[in-house]
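Q: Residue numbers (our numbering), protein chains in the order written: chain A, 295 to 597; chain B, 295 to 597.
Calculated directly from the structure, the hints in this document are not laboratory data. Any given hint could be a false lead.
As the list claims (entries may be wrong) - Partial selection, computed: residues in chain B whose CB lies under 8 Å from chain A:
1) Asp-319
2) Arg-326
3) Glu-343
4) Met-346
5) Arg-347
6) Leu-350
7) Thr-353
What the hints assert, rightly or not - To give an idea of the chain A side of the interface with chain B (calculated C-beta under 10 Å), a few residues:
8) Gln-327
9) Arg-333
10) Met-334
11) Val-335
12) Leu-358
The structure presented is a predicted model; accordingly, all values stated were derived computationally and were not measured. For each residue, glycine too, the CB sits at the ideal point set by N, CA and C.
Number of protein chains: 2
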Amino acid sequence: MGLGGVMMTGFDLRTLDLPVKTYFDCIPCFVRQTLDAARMVSDDTVLHERLMREILVATADMDLRRPPPLMAQHIHRRIRELSGNDDPYREIKRRFNRTAWDLLPALKSRIDAAADPLPMAVRAAIAGNIIDLGAKTNLEEAHVREAMERCLDAPLVGDVDQFAAALRHVDTVLYLADNAGEIVFDRLLIEQLLPRRVTVAVKGGPIINDALMADALEARLDEMAELVDNGSDAPGTILDDCSAEFRRQFDEAPMVIAKGQANYETLSNAPAPIFFLLQVKCPMIAADIGQPVGALVLKRSEG
Amino acid sequence: MGLGGVMMTGFDLRTLDLPVKTYFDCIPCFVRQTLDAARMVSDDTVLHERLMREILVATADMDLRRPPPLMAQHIHRRIRELSGNDDPYREIKRRFNRTAWDLLPALKSRIDAAADPLPMAVRAAIAGNIIDLGAKTNLEEAHVREAMERCLDAPLVGDVDQFAAALRHVDTVLYLADNAGEIVFDRLLIEQLLPRRVTVAVKGGPIINDALMADALEARLDEMAELVDNGSDAPGTILDDCSAEFRRQFDEAPMVIAKGQANYETLSNAPAPIFFLLQVKCPMIAADIGQPVGALVLKRSEG
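Looking at chain A on its own, in the form it has when it is part of the complex (with noise of 0.2 Å):
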């Protein structure tokens, strides 16, 4: 199956005496997002139908006791493979970064003149997370545009007051990122968190549009934060996924912040501090949190 320990070798009832993370309908959304990843790395029809094939094979044996982006992992390692590119969103993401520049300057010259900056920090960090090419294939560069002139008027909902106070008690911070783009708003947010000590985790290797080093270092958080990568390829913390520099450094922080709702399906159940920033993508998370899709939403983890 090329999943290693993760996929089961049959099928398996098991799986539903146990605490569900992947729900059944994830599995038509994965089929899905399969084939529009697929057309937009090739024009290979036979290729599409190849991995088309292969994910129906292995989201037929999948274990749903593991979280959806272990096979977005899966799905989008043998999409690099198959396509021989191994980093097929390369341009879109240098181009989602160039975009969220442009809008940067407005952005912070309206969180600096507010009374309160904080909130509106964190509503902007929120809204670059529309940048997820995972969800949504065809995103255009217009949407984003909107988007990011909205957020700072746009309701945001939950653990804003406990996060503003779990901030006076720490100093230093560990911040996971999630895409190219949004990393580019993530300045302004990382902005209010200094003096600080700021980690920025960026994905190991190539996943979606998902941040990598280069999209950090485009962003230039290195003027601003400690930069290291995560280890891995999967969207979103796959903690056993990630190396062990930076499973040490996640244990180690006295406070997390995870960007995007792939950190929220895989870090929910950790037991450190972490405070999830995310936009609200499909119903199944909309269910799970209490807010409807397309809501601005920071939520404390329970541990």
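Given the structure of chain A, go ahead and fit chain B onto it with the hints provided.
A: Only chain B this time, still in chain A's reference frame:
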């Protein structure tokens, strides 16, 4: 695989050298329809999971040269087997037949009063095709009411004049019914076909909410037509799955009226002069026909 000679034993690129009947885009739709249908007929999540895993394996191995209704036939056979319910849609079919009878008199008055009743009756017969629980599981009766009330004023696109002209040259018509409920509205069009000899064909066994002989009798079509069943439990008309007697009737029919998208998917290459009366229900058929989703279409076969 349970699909006899239809499924292939492995991945086969030869499918790509032939006209593709099932689009790649149909596959995520099969998976979603499987989950929707499983939930509609049972609350048992063990059944949902087992069915999903089976259908993922079946789609992974599917012959894309065959039309989508073949996979729907397989999905719903397995739903009936796993649930032990030989017709999970029985009650809902009764209910939609009653709804249609309630709406019939108002439609009939308007059609009878029209200067040219034939296209009005065609509109009503096509609009009734909204009652399709394959494409849309959670169809509300209020939605049907509203659609039927609007339909006589809705645009009707396609080969309307050719349809009227063709009728002038035949004295018998084979009418392929589609869904329960809808089949009551078919009375309005069949009345316009009289005094020609009309044969109405229903499905030979339960498949989603497609009309069976019981539904034709609830629609009291025996008052105005000969009734036959096609011997098949597939959506649409997969001729090699139909009875020899039905195939003979089909081959000898000087004119065929075929209701619904599944008949278009299964018969669009047939040599007979077929007039397809359908609502466009998905983007793939919309692209094929050149009309938007929701359009009321009367289309003559190419043959």
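Q: Tell me if Gln-327(A) is really an interface residue toward chain B, meaning its C-beta lies closer than 10 Å to one of theirs.
A: 9 Å, holds
Q: At a threshold of 10 Å, is the proposed contact between Leu-358(A) and chain B supported by beta-carbon distances?
A: 7 Å, holds
Q: Once the shortest beta carbon distance from Met-334(A) to chain B is found, is it less than 10 Å?
A: Where the cut-off is 10 Å and the nearest Cβ of chain B is about 13 Å from Met-334(A), the hint is violated.
Q: Restraint: Asp-319(B) near chain A, CB-CB cut 8 Å. Satisfied or not?
A: At about 7 Å, which falls below the 8 Å cut-off, the nearest Cβ of chain A leaves the hint on Asp-319(B) intact, so it holds.
Q: Going by Cβ atoms only, is Thr-353(B) closer than 8 Å to chain A?
A: 5 Å, holds
Q: Would you check whether Arg-347(B) satisfies its interface hint, that is, whether its CB is within less than 8 Å of any CB in chain A?
A: The hint holds - Arg-347(B) has a Cβ within 8 Å of chain A, the shortest such distance being about 5 Å.
Q: How about Arg-326(B): closest beta carbon in chain A under 8 Å, or not?
A: Check passed: Cβ of Arg-326(B) comes within 4 Å of chain A, closer than 8 Å.
Q: So, as I understand it, the hint says Glu-343(B) touches chain A; can you test that by seeing if any CB pair is closer than 8 Å?
A: 7 Å, holds
Q: Holds or violated: the hint that Met-346(B) contacts chain A, with Cβ atoms closer than 8 Å.
A: Since the shortest Cβ distance to chain A is 6 Å, the answer is holds.
Q: Could you check if Val-335(A) really has its C-beta closer than 10 Å to a C-beta on chain B?
A: Since the shortest Cβ distance to chain B is 15 Å, the answer is violated.
Q: Given Arg-333(A) as an interface hint, is its Cβ closer than 10 Å to any Cβ of chain B?
A: This hint holds: Arg-333(A) lies near chain B, its Cβ roughly 9 Å from the closest one there, short of 10 Å.
Q: Let me know if the C-beta of Leu-350(B) comes in closer than 8 Å to any C-beta of chain A, holds or violated.
A: Given a least distance of 4 Å, the restraint on Leu-350(B) holds.
In the structure shown, a violation is registered for the earlier hints numbered 10, 11, in ascending order.
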